[in-house]
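As they're listed, the protein sequences go chains G, X and V. Using the working numbering, read the first sequence as starting at 1 and increasing by one per residue. Using the working numbering, read the second sequence as starting at 1 and increasing by one per residue. Using the working numbering, read the third sequence as starting at 1 and increasing by one per residue.
Keep in mind that the hints are not guaranteed to be accurate.
[Said to hold, decoys possible] In silico negatives: residues of chain V with every beta carbon more than 12 Å from chain G:
hint, residue
1, 10
2, 44
3, 105
4, 174
[To be verified] To give a feel for the contact side, a few chain X residues facing chain V, derived at Cβ under 8 Å:
hint, residue
5, 50
6, 175
7, 180
No wet-lab data here; the hints were simulated from the structure. Because the structure is a prediction, the values reported are computed rather than measured. Don't be surprised by glycine CBs; every beta carbon is placed ideally from N, CA and C.
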Amino acid sequence: MKLTLEEPKILVDSVGVISELVNDVRFSVDEDKISLIAMDPANVAMIIFNLLSSSFTEYQVDKPVNIAINLDSLKAILRRTKPSDVLTITLDEEKNKLQIQLKSDSTRTFNLALIDVEEKEQKIPDLQFPLKVETTSYKFDEAIQDMDIIADSVALVADKDNFTIEATSNLNDAKTEIFGDEETKITATGTEQIKAKYSIEYLKKIIKASKLSHKVTLQFNKDYPLRADYIVKDKLSFSVVLAPRVSND
Amino acid sequence: MKLTLEEPKILVDSVGVISELVNDVRFSVDEDKISLIAMDPANVAMIIFNLLSSSFTEYQVDKPVNIAINLDSLKAILRRTKPSDVLTITLDEEKNKLQIQLKSDSTRTFNLALIDVEEKEQKIPDLQFPLKVETTSYKFDEAIQDMDIIADSVALVADKDNFTIEATSNLNDAKTEIFGDEETKITATGTEQIKAKYSIEYLKKIIKASKLSHKVTLQFNKDYPLRADYIVKDKLSFSVVLAPRVSND
Amino acid sequence: MKLTLEEPKILVDSVGVISELVNDVRFSVDEDKISLIAMDPANVAMIIFNLLSSSFTEYQVDKPVNIAINLDSLKAILRRTKPSDVLTITLDEEKNKLQIQLKSDSTRTFNLALIDVEEKEQKIPDLQFPLKVETTSYKFDEAIQDMDIIADSVALVADKDNFTIEATSNLNDAKTEIFGDEETKITATGTEQIKAKYSIEYLKKIIKASKLSHKVTLQFNKDYPLRADYIVKDKLSFSVVLAPRVSND
């Protein structure tokens with residue numbers, strides 16, 4: 001296995017976002033992509049990540065392998081990359097280590113121990129949503145940060161014309177209205193309004209993915225999970241399935 | 001009541017400075033201005049603040065009202081304004097809330113609970129000073145930060161020609177001399193030198209007002225309060241009356 | 001004694017770097033230079049510092065003097081210099097204080113108490129090294145920061161052609177290779193490879209000197225001190241002699 005990136009930023013950013021939610025993970029590497037399906041330790045959020053072979057300058061995988069690794073250690077190494085570095089990842093199966101090499105005017109080599117991840121294989125749940133909102137990740141990002149002032153949960157409210165993000169505490173409340181326009185497209189199967197509640201703590205981690213893609217697709221339903229997809233065509237996808245906060249109203 | 005600001009910065013900065021000294025406050029809003037007179041919780045500093053109607057794009061006040069509010073909550077909301085936002089404040093007397101709306105490509109609405117402030121009305125003390133120093137807020141700001149290295153109180157010393165800021169600890173001492181020139185004007189009723197001591201902790205909060213105005217007027221006397229005025233003509237005034245540190249020399 | 005600097009940055013940076021390792025120190029001032037030889041409190045590193053008279057705009061020293069001073073206090077004052085300030089140092093032997101004056105559009109005067117430093121005079125050890133590496137301080141700086149991810153000690157490894165910086169922990173390991181080229185010159189008396197271990201904690205303090213000079217000279221040997229020299233011709237030298245971590249391999 002030998003993977004080369006002339007612009008390591010895509011990997012640095014991806015690992016940064018994923019490590020917000022999970023730490024010890026098992027990546028699957030096959031001839032098409034590096035992929036990851038993992039639950040966060042509290043079993044509230046599932047991460048589904050794919051980094052396609054076409055993101056790499058060189059992508060050479062002879063047989064599918066699993067690479068279990070501690071993301072904090074990997075992130076510490078990736079944080080040391082400079083824009084001029086060419087990053088190469090190889091697998092030393094004998095020593096059971098992942099080798100990361102950064103090459104510019106000096107050559108820096110990091111060997112990271114592979115770990116054991118007990119976790120059984122995760123299956124992506126088959127979810128059906130009555131509604132889909134495609135908008136800019138920046139707008140969603142800002143809205144979640146606005147609501148964070150008010151409360152620890154947020155309500156996503158939408159019908160076929162409007163998408164509203166709301167929060168309410170004992171004293172204060174707030175809402176951001178995002179209207180359907182050239183940047184925001186709402187697709188609804190029905191005509192009724194959908195209102196669903198989720199944890200702001202988790203949403204604040206998920207919106208870090210706005211550095212991966214400037215578009216986000218949100219699907220949700222009352223007392224049902226949220227699915228957020230950040231996709232860069234032919235490069236990567238980062239998706240989260242987030243359990244709902246059951247609402248009392 | 002409906003107040004609109006196309007450049008919210010003036011309000012954001014004002015609330016930031018006021019909240020250094022007081023937290024639960026009652027603003028008075030009449031047809032000319034928003035105003036505030038408040039003592040800090042330790043009864044050491046009085047804040048006198050006026051934001052004139054001419055600072056606003058739209059200023060519509062039918063009858064005078066009091067708006068008691070928690071400044072930390074207000075500041076958290078104002079910190080979310082972007083330069084492109086138009087900010088509108090309205091009063092929802094029915095729900096007992098202050099509504100703050102930020103409008104750019106999205107519309108964000110925050111409803112902030114009004115609170116009860118027990119405090120009786122404050123009266124501005126009638127003070128007579130033998131001396132007035134007008135200088136740049138930057139110079140005064142720098143001088144206080146210099147003295148902060150040395151001690152926890154500062155002496156302001158002036159005669160009709162010179163203005164000096166001094167601090168002395170057991171080991172070290174420091175002074176900044178600001179001479180009368182085109183930027184600094186000293187007006188004295190007498191010829192004797194005046195020396196007065198004040199808390200650096202409070203002065204460090206007061207000098208935050210240098211972001212409101214690049215001029216400051218200082219009036220003081222031995223064992224007598226300091227009055228500092230930061231004024232932007234036709235826009236705002238922020239003044240503090242600060243109790244003295246009684247000097248032993 | 002009267003010393004004037006029109007660009008105080010050289011002094012600000014020097015004191016910043018020295019204070020990483022020592023705090024209460026005694027500078028010697030003679031007609032040629034300000035100098036310092038001091039051990040860090042843990043007796044692991046010796047600092048040898050010289051700031052030459054030619055760095056100063058005015059350098060007037062009538063007789064050699066010792067100036068014992070607390071570097072944290074001095075650093076707090078120097079941190080207050082602005083790029084436009086002219087800095088003047090004088091000695092008030094009567095009051096036993098060092099006077100530091102900063103002059104731009106205002107005049108700021110700090111009087112810093114001289115202290116007693118018990119420490120006996122330090123002698124620079126006479127060390128012989130089989131090897132000398134001259135490289136850019138930036139490359140060495142980066143390499144130490146890379147290794148800091150992995151372990152708390154680092155091995156410097158060199159022969160006449162290559163210079164490698166390595167670190168190994170139970171799980172992970174890393175190395176940076178710096179090849180001899182126009183930026184990096186290796187001078188060896190023998191042909192064998194030299195490998196020596198030092199504390200990363202100390203090296204991280206030493207590499208702060210990369211802001212003083214963009215070149216560093218490293219001399220080391222197995223189970224023997226490291227000597228690092230940061231030199232700016234006709235201006236200053238900052239050198240550290242660092243005790244080895246005795247290696248078990």
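Q) Going through the earlier hints one by one, which of them does the structure break, listed in rising order? A) 4, 5 and 7
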